[in-house]
Amino acid sequence: MEQTPFLNRRETILEVRGLKKSFGPKRVLNGVNLKVGKGEVLVILGPNGCGKSTLLRCLNLLEKYQEGEVALRGEVISRGRPEGSGLSRQDRAVECAMRRHFGMVFQRFNLFPHLRVIDNVMSGPINVLRMPRDEAFEVARKALCKVGLWEKHPCDPLTLSGGQQQRVGIARALAMNPDIMLFDECTSSLDPMMTKEVFMVLRELASEGMTMLVVTHDLDFAREIGDRVVFIENGVVSAEGTPEHIFEAKPTPGVRALIEGSLYETRLSRA
Amino acid sequence: MLRAAGATLLLTAASMPLAVVFGLALAAMRISHRRMLSWPAATYIEVIRGTPLLVQLFVVYYTLPQLGNYLQTDLLPRIGVCLETNPLTWNNWAVGIFCLSANYAAYEAEILRAGLQAIDPGQREAALSLGMSERQAFFIIVLPQAFRVVVPPIINDLIAMLKDSCLVSVIGVPELLFKANGIGKARATVAQMLTVAAALYLTLSLGGYALGRLLEKRLSIRGAPELHVDQPHGH
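Chains as they are written, first to last, in our numbering: chain A, 538 to 808; chain B, 86 to 320.
Source of the hints: derived by calculation from the structure; they are not laboratory data.
Backbone N, C-alpha and C define an ideal beta-carbon position, used for all residues, glycine too.
Some hints could be false.
[What the hints assert, rightly or not] Within a straight-line C-alpha distance of at most 35 Å, the following computed DSBU-like cross-link-like pairs (lysine-lysine) qualify: (1) B:K302 / A:K689; (2) B:K302 / A:K679; (3) A:K572 / A:K733.
[As the list claims (entries may be wrong)] From chain A, some residues computed to sit far from chain B (all C-beta separations above 12 Å): (4) I550; (5) R554; (6) K557; (7) S559; (8) G568; (9) N570; (10) L571; (11) R629; (12) R670; (13) C682; (14) E688; (15) D721; (16) R740; (17) E770.
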């Protein structure tokens with residue numbers, strides 16, 4: 538596997554070692570190893586059902602995994618547990634604290650529809666960080682300004698367009714000041730115009746040095762935003778490298794199938 | 086007569102909140118993945134829904150004290166335990182409120198369960214991903230949304246309870262039907278009194294509907310599609 542110069546230049550912020558995850562008898566991730574540099578934008582590609590999203594969800598324990606461990610700045614923050622093992626009260630508290638390192642952006646936005654935009658963004662700082670309201674308001678204002686939606690702050694989230702909702706989702710995650718942002722197919726339910734909107738926000742975050750893990754199906758998106766691409770196939774990382782390397786060399790049949798399949802799709806839509 | 090209508094109102098006003106709170110606990114148990122919790126809740130719900138409220142009232146008001154007395158005067162002395170024996174009786178108001186709320190709790194539990202399950206699991210995940218605890222995710226994010234969905238069917242049940250509360254007249258709670266009957270028999274004007282009672286029930290019910298519409302309006306979310314919970318089969 539090609540070792541990208543990128544990582545050598547940067548301090549490793551996140552390391553995933555031998556992560557295995559099954560849903561019942563079905564093994565989805567079969568020993569994933571991954572290193573992410575500080576400020577790096579890592580794009581995760583792979584065919585449907587290969588476990589890309591599951592990997593992301595394992596990182597902040599929305600899914601429990603059975604084996605392996607995840608380390609943040611060299612410190613192990615979660616370990617695999619055998620299936621069915623219970624969690625003590627203390628385990629749960631640790632889990633909550635550990636999730637704060639990650640900000641997650643979902644495919645279907647998952648904004649809280651009963652709270653106004655500003656209250657969505659303030660909900661983390663107020664309830665989790667126990668910030669006073671005025672302080673949380675200031676944090677939320679900055680986050681909303683960053684995604685260019687401050688003027689929408691008194692609106693109800695479902696009155697916004699998809700792209701705007703996703704930007705609010707990003708702001709909500711940013712308000713918790715996470716170390717790493719996780720994007721789970723964050724543009725899959727958006728049209729090209731809205732995708733562009735979200736893309737601009739991601740690019741700005743990248744330029745500010747935010748570490749980001751981006752799961753996507755959109756190859757153009759991957760090429761433009763990614764510092765490095767990993768390709769997941771059959772539950773393991775089957776290829777990794779710079780976007781140029783992955784898209785030009787197509788190192789495995791799976792990569793080739795995905796890229797050519799996508800070209801085929803593009804050709805079809807042009808025809 | 087108006088006092089009796091007040092008693093009906095009081096019965097309902099006391100029982101319904103209890104039913105909703107108890108129902109919420111039942112619903113939470115029912116959804117739980119732990120069999121130890123979900124089984125008792127499911128059994129309770131089915132037993133309560135499968136027996137008439139009138140029978141439940143009789144059992145609690147008459148049978149349980151009898152059992153208690155039997156225990157005191159017969160069973161316990163036989164195994165050598167002697168208690169000071171004073172015959173057990175219930176306060177009929179307490180039994181009325183207890184039975185109404187325990188009965189309706191089973192129905193409210195099913196409504197709340199459907200309401201909670203109608204909320205996208207992504208809501209909980211989003212709350213957790215911000216670092217909220219399961220409890221915070223439930224009370225701050227999921228429950229308020231579920232509440233909006235369940236208001237119409239719960240108001241429906243509130244009105245049903247208003248009318249069902251006439252059943253507690255059989256244990257002598259001086260509510261609307263009990264009084265109408267009593268006054269009517271004393272003055273030989275049963276038909277008139279029952280008509281007045283019916284009119285008062287209707288008035289109270291209409292008040293309930295008005296309250297429901299007000300709540301629905303207050304809780305509606307702009308831009309949200311209408312969500313409906315099917316009313317679990319009637320009483």
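For each hint, the structure was consulted:
no.	hint	in the structure
1	B:K302 / A:K689	23 Å, holds
2	B:K302 / A:K679	33 Å, holds
3	A:K572 / A:K733	28 Å, holds
4	I550	18 Å, holds
5	R554	22 Å, holds
6	K557	22 Å, holds
7	S559	18 Å, holds
8	G568	25 Å, holds
9	N570	24 Å, holds
10	L571	19 Å, holds
11	R629	7 Å, violated
12	R670	15 Å, holds
13	C682	19 Å, holds
14	E688	17 Å, holds
15	D721	10 Å, violated
16	R740	23 Å, holds
17	E770	26 Å, holds
Hint compliance for this structure: hints 11, 15 are not met, and every other hint is.
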